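K.L.:
Going down the list, the sequences are from chains A and B.
Numbering of the first sequence is given in the numbering used here, commencing with residue 1 and proceeding in unit increments.
Numbering of the second sequence is given in the numbering used here, commencing with residue 1001 and proceeding in unit increments.
Treat the hints as calculated values from the structure; they're not laboratory data.
As the structure is a prediction and not an experimental result, all values here were calculated from the model.
Watch out, some of these pointers could steer you wrong.
Stated by the list, open to error - Restraint-style ranges between C-beta atoms, simulated for each label pair:
1) Asp1057(B) to Ser49(A): 40 to 48 Å
2) Pro1070(B) to Glu3(A): 29 to 37 Å
3) Lys79(A) to Gly1016(B): 46 to 54 Å
4) Ala93(A) to Arg1041(B): 19 to 27 Å
5) Lys79(A) to Arg1041(B): 29 to 37 Å
6) Arg66(A) to Asp1057(B): 42 to 50 Å
7) Ala108(A) to Ser1073(B): 13 to 21 Å
Claimed, not checked - In silico SDA-like links for lysine to any residue, alpha-carbon gap of 25 Å or less:
8) Lys1078(B) to Thr1115(B)
9) Lys42(A) to Leu1117(B)
10) Lys79(A) to Lys2(A)
11) Lys98(A) to Gln1017(B)
12) Lys42(A) to Arg66(A)
13) Lys42(A) to Ala1002(B)
14) Lys2(A) to Arg66(A)
15) Lys2(A) to Gln1037(B)
16) Lys2(A) to Ile1026(B)
17) Lys42(A) to Thr1020(B)
18) Lys1024(B) to Asn1071(B)
19) Lys45(A) to Ser1095(B)
20) Lys98(A) to Ser1007(B)
Heads up, the beta-carbon is just placed ideally off N, CA and C, and yes, glycines get one too.
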Amino acid sequence: RKEVEQDPGPFNVPEGATVAFNCTYSNSASQSFFWYRQDCRKEPKLLMSVYSSGNEDGRFTAQLNRASQYISLLIRDSKLSDSATYLCVVNFAGNNRKLIWGLGTSLAVNP
Amino acid sequence: DAGVIQSPRHEVTEMGQEVTLRCKPISGHDYLFWYRQTMMRGLELLIYFNNNVPIDDSGMPEDRFSAKMPNASFSTLKIQPSEPRDSAVYFCASSLGTSGGAYNEQFFGPGTRLTVL
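Bound-form chain B, shown alone (with noise of 0.2 Å):
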């Protein structure tokens, strides 16, 4: 079975212009996370979906960010207008849903390798 796909793996970009990443999750998992990585903060939940809601934008850095999940096998994560400190890793990760919130191991994918110039 494929991994968690996510595209592109890297991209460069001038400060101001419009940044689209996109991620396809495990096919049957119903949690969808977006997470970013930096070398100071390490790994941070951006925000995450369940059965395509979101449940916690509160790490979303400001209202430059925005993500979508318009079904289950497709989510986005756009940054408009971008800025030289939004270079990062963005990884998004997929689990299964258990009944009683009962951890399921996160799958990442690749990550997007994302330069803001």
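The shape of chain A in the complex, shown without the other chains (with noise of 0.2 Å):
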């Protein structure tokens, strides 16, 4: 089973559909959680952290199990500027500073 799983997609959405991307990761001792944004030939950038209470910013909202080991995000009214590739990442456990990464949900939202 590999570290971090995600649906690799591609997810193909209307603008202004709600779309939910999941993941889970194998390590229960993993701390830290988050989602990263990649455009296309472009470097990751962080979207947001992923907390226990679960948090939101904007359209965009992120929650965690930790019973399931399952993080997910969810994109509310899509604009064609979320397609993107968007990476579940989770921290080595002890170790805050390395982090493991899938291999991403690819999203295009579609006119």
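Assembling the complex is the task here: the two chains are given apart, and the hints tell you how they should meet.
P.N.:
And the structure:
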């Protein structure tokens, strides 16, 4: 089993749609969780951290379920500019600096 | 402020040649990370430094790879000799340090796209 697994997609959705991405991680000792965004042929950029209580940033909502070792990202009212690959990231247990990256979920928002 | 700077942006070389990738972290950041990204394996951490000292190089694939950080504003990743399977995008990232090991956002450079023929 991979340490961080994501559905690769691609997800093709119309503008205005709500879309959800899921991610599972294998090490129950991991304590830091993130979603990064990567545009085509660009570098990854932090989208948001994921906290146990769940957190929201505008149209984006991230949730963490430690019992199931599951992280989610919800995007409401999708925009064309949301088209990108979304990377689920988890820290290596016992080391907050060392990150383990999922392969990413590709999103295409269509007009 | 300038972000993380990497050079070259593209490198095409022949098998067996030496390749040197360069990185300038964001000023004031004391952590520097080297990653490799491929379609099949995604982003993989190769090595990271704290205050110019290598902390974890367990991700370095083999002895052909080496990394140095001679000062706070410069790091290199060298591959010698290069092989076709080294073809990938190599990213450098930097972050601030905090006491207690709390996470700080990693800021990535634009990457070096390496092709080994």
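K.L.:
For every hint, state whether the structure bears it out.
P.N.:
Hint by hint, here is what the structure shows:
no., hint, result
1, Asp1057(B) to Ser49(A): 40 to 48 Å, "violated, 27 Å"
2, Pro1070(B) to Glu3(A): 29 to 37 Å, "holds, 33 Å"
3, Lys79(A) to Gly1016(B): 46 to 54 Å, "holds, 47 Å"
4, Ala93(A) to Arg1041(B): 19 to 27 Å, "holds, 20 Å"
5, Lys79(A) to Arg1041(B): 29 to 37 Å, "holds, 30 Å"
6, Arg66(A) to Asp1057(B): 42 to 50 Å, "violated, 30 Å"
7, Ala108(A) to Ser1073(B): 13 to 21 Å, "violated, 39 Å"
8, Lys1078(B) to Thr1115(B), "holds, 14 Å"
9, Lys42(A) to Leu1117(B), "holds, 23 Å"
10, Lys79(A) to Lys2(A), "violated, 31 Å"
11, Lys98(A) to Gln1017(B), "violated, 30 Å"
12, Lys42(A) to Arg66(A), "violated, 31 Å"
13, Lys42(A) to Ala1002(B), "holds, 16 Å"
14, Lys2(A) to Arg66(A), "holds, 17 Å"
15, Lys2(A) to Gln1037(B), "holds, 16 Å"
16, Lys2(A) to Ile1026(B), "violated, 32 Å"
17, Lys42(A) to Thr1020(B), "holds, 21 Å"
18, Lys1024(B) to Asn1071(B), "holds, 10 Å"
19, Lys45(A) to Ser1095(B), "holds, 12 Å"
20, Lys98(A) to Ser1007(B), "holds, 24 Å"
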